[in-house]
Amino acid sequence: MEVSDVSFAYRNQDGTHMLALRDVNLTVQRNEFVSIVGQSGCGKSTLLRLLAGLMAPNRGRITIDGDATTHPRRNISLAFQKPTLLPWSNVLDNVLFPFRHQSRPVGRDEIARARELLSMMGLLDFAERRPGELSGGMQQRLALCRTLVTEPDILLMDEPFSALDALTRDELGVELLKICAVKPKTVVLITHSIAEAVLLSDRVYVMSSRPGTLCDEVEIKLPRPRLPEVMRAPLFQEFTTHVRDLVQQHSVRQS
Amino acid sequence: MSATWSNSIPFDSPKSSRWLLVARRALVPTLVFVALLTIWETGVRTFNVPSFILPAPSVIVRDTYGVGWALFGHAQATLTTVVGGYLCAILISFPLAVAISSSAVLSNAIYPLLVVKQSIPTVALAPILTVLLGTGSAARITIAALIALFPMVVSTATGLSSAPREMIELSRSMDASWVRRLIDVRLPSAVPYIFSGLKVSMTLALIGAVVAEFVAAERGLGFMIYTSTAFFQLPVAFGAMIVLGLVGTVLFQTVSQIERRFFPWAIGLAESET
Ligand SMILES: Nc1ncnc2c1ncn2[C@@H]1O[C@H](COP(=O)(O)OP(=O)(O)OP(=O)(O)O)[C@@H](O)[C@H]1O
Ligand SMILES: [Mg+2]
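Residue numbers (my numbering), protein chains in the order written: chain A, 1 to 255; chain B, 1 to 274.
Simulated from the structure, these hints should not be mistaken for laboratory data.
On a predicted model such as this, the values are computed, not experimentally measured, just so you know.
Some clues are possibly wrong.
[Said to hold, decoys possible] Computed far set for chain B versus chain A, every beta-carbon distance over 12 Å: (1) Arg24; (2) Ser173; (3) Val179; (4) Thr227; (5) Trp265.
[Unchecked claim] Below 25 Å or equal to it, Euclidean Cα-Cα: the simulated SDA-like pairs (lysine to any residue) are: (6) A:Lys183 with B:Ile267; (7) A:Lys82 with B:Ile267; (8) A:Lys183 with B:Lys199; (9) A:Lys82 with B:Pro188; (10) B:Lys199 with A:Trp88; (11) A:Lys183 with B:Arg165; (12) A:Lys82 with B:Lys199; (13) B:Lys199 with B:Asp175.
[To be verified] Pulled a few chain B residues facing chain A out of the computed Cβ check, cut under 7 Å: (14) Glu41; (15) Ala163; (16) Arg165; (17) Glu166; (18) Met167; (19) Glu169; (20) Leu170; (21) Arg172; (22) Met174; (23) Asp184; (24) Pro188.
Yeah, the Cβ is synthetic: ideal placement off N, Cα and C, and Gly gets one too.
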C-alpha cells in the first residue's frame, strides 16, 4: 500500500475549502501492522477514508498492490470511528451484514465464524439482542466483529477500541494480533492510545495538525508474539515515551 | 452469563394492575362524553329545536338504526374506496420517492408536478376526474389515491435520504450495489418517515373518498350524508358522519398498530439519529 504526496481538501457548506491533508507519504508493506497517532482533528479519519477508496485525493496517488484506489474494494474492511450498526437487525445479523449486503451466500461456515468472533468479543449471549440494547463499548466490539468476519486482506481501523476500558482494550488488541497471526493481514490502525500503538504495531506514524501530514515514523523493534506483559518491559516504556514526545512536539497548543 | 442471570430476577408483573389503570384513564373521557350527550339531549328537548336543524342524540340513533343493513353497505362502499385509493397511492408513491431521492434531475422533474397537483383542491379536481373517468369506482379510487399520494411521496423521499452519512459510507466501503444499499440501508432508515406519511395519508384518503362520493356515487357514507341532507333527514346524516368518524379512527389505528407491531425499533429512531 503506497500513499505518495496526497493532499485532500474538504469543501465546506459555504463553498470554501478546508485543507485536511497535505503531502502525506506512507508506505505499508504487505502484512505489516501500522498505527497512526496524532492530535484530534488532524486528519487521521480523512486519510483512512482515502485509503478505503471512499473519497479520491485532490492531489497525489494512492496505490494498493500497484492499482490506484478509485473505489472501495471487497478485500478491504473499514471500521469506523462510530460503531455504525443497523438498529433494526439483531447482533448476529449485524455481524453477518457484510455478506448479505454484498449479496454473498450466508452458509454454515459464515454463521460459525460470526459466532466465534462474537464469543471472542464476549457478545455471544447477546446474539439475539438489538444493538440499541448494548453499551457503547459492546457496540464497538460488535462493529469489530463485523469488520473481521469477511476475513479481509487489509484492515483499516479508526479508533476501534476508544470506548473500552484499558484492560479490555489491551486484551482485544492482543486478540487482534492473534487473528493476524493466523491469517496475515495488512493493518492500518488509528488510535489515541500511544501504548496501544506501540503494543500492536510494527511501525507508528505521528501525524501533525492542520493540515495533517505524517511527519515522523517510529519502528517498534519489540519481539513478537506480543503479550500484554510486554508493556512492563523497559524497552516498551522507551518507545512510548519517544512517541509521546513526538506527538507533543507536533501538536498545536489549544487554549 | 449476565444475560441469563438477569432473566432470573423476579420482576413484579404489572399485568394485574394494568386493566385498572386503563379503566381509570378511560373514566374521565367517558364521563365528559356522557355529560355532553346529556346536555345536548336535554337542550334540544327543552328548546324544541326541530330535528332538521339539530337532531337530538336519541333521534340520531333511532333514525340511523332505521336505515338498517343498508348502512353497512354504505360503510363498506366507502371503505373500499379509501383502502383501494390508499393502496394505489402506496404503489405509486414508492417508485416516485425512490426516483426523487436518487437523482436531482428526477427530483426536479417530479416535485413541481406534485406540488401543483397538491395545490389544486380535491373538491375542484373531483368533478373533472369524474368527467374523465366516469362515475364508477375508478374515479372515486383515483381521487382518494391522488390526495393521499403527496404526503407519502414527500415523507418516503425524505426518509430514503435520511440514512446517516456513516451508514451510507459503510455500505459504500463494502462495495455493495445500489439496489442492496436501497434495500438494506436506505429503506429501513426511512421506515419512521414512511409511517408518518402513511398516517397523514390515511386521513386524507378518507377525505378524498367522501368528496368523491359527494360528486359521483350511488352508495357510500359521503353519498348518504349528501342525499339525506338534501331530503332534510339530518339525523341520518349525523349518523353517517359518526360512522365515518369510526371508520377513520379504525383505519388510522390499524396503520399505527402495524408500525408498533412490526417495526418497534423504528419508533423514536428518527429523532435519536438527528
Ligand atoms: N465531512 C467533512 N466536511 C468538512 N470538513 C471535515 C469533514 N470531516 C472532517 N473535516 C475536517 O477535517 C479535519 C480532519 O478531520 P478528521 O475527521 O480526519 O480528524 P481526525 O484526525 O480523525 O480527528 P479525531 O481524532 O478527533 O477523530 C478536521 O479539521 C475537520 O474539521
Ligand atoms: Mg477521526
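Verification of the supplied hints:
no. : hint                   : verdict
1   : Arg24                  : 31 Å, holds
2   : Ser173                 : 4 Å, violated
3   : Val179                 : 9 Å, violated
4   : Thr227                 : 49 Å, holds
5   : Trp265                 : 5 Å, violated
6   : A:Lys183 with B:Ile267 : 42 Å, violated
7   : A:Lys82 with B:Ile267  : 22 Å, holds
8   : A:Lys183 with B:Lys199 : 52 Å, violated
9   : A:Lys82 with B:Pro188  : 19 Å, holds
10  : B:Lys199 with A:Trp88  : 21 Å, holds
11  : A:Lys183 with B:Arg165 : 32 Å, violated
12  : A:Lys82 with B:Lys199  : 33 Å, violated
13  : B:Lys199 with B:Asp175 : 35 Å, violated
14  : Glu41                  : 51 Å, violated
15  : Ala163                 : 10 Å, violated
16  : Arg165                 : 10 Å, violated
17  : Glu166                 : 4 Å, holds
18  : Met167                 : 6 Å, holds
19  : Glu169                 : 6 Å, holds
20  : Leu170                 : 5 Å, holds
21  : Arg172                 : 6 Å, holds
22  : Met174                 : 5 Å, holds
23  : Asp184                 : 5 Å, holds
24  : Pro188                 : 5 Å, holds
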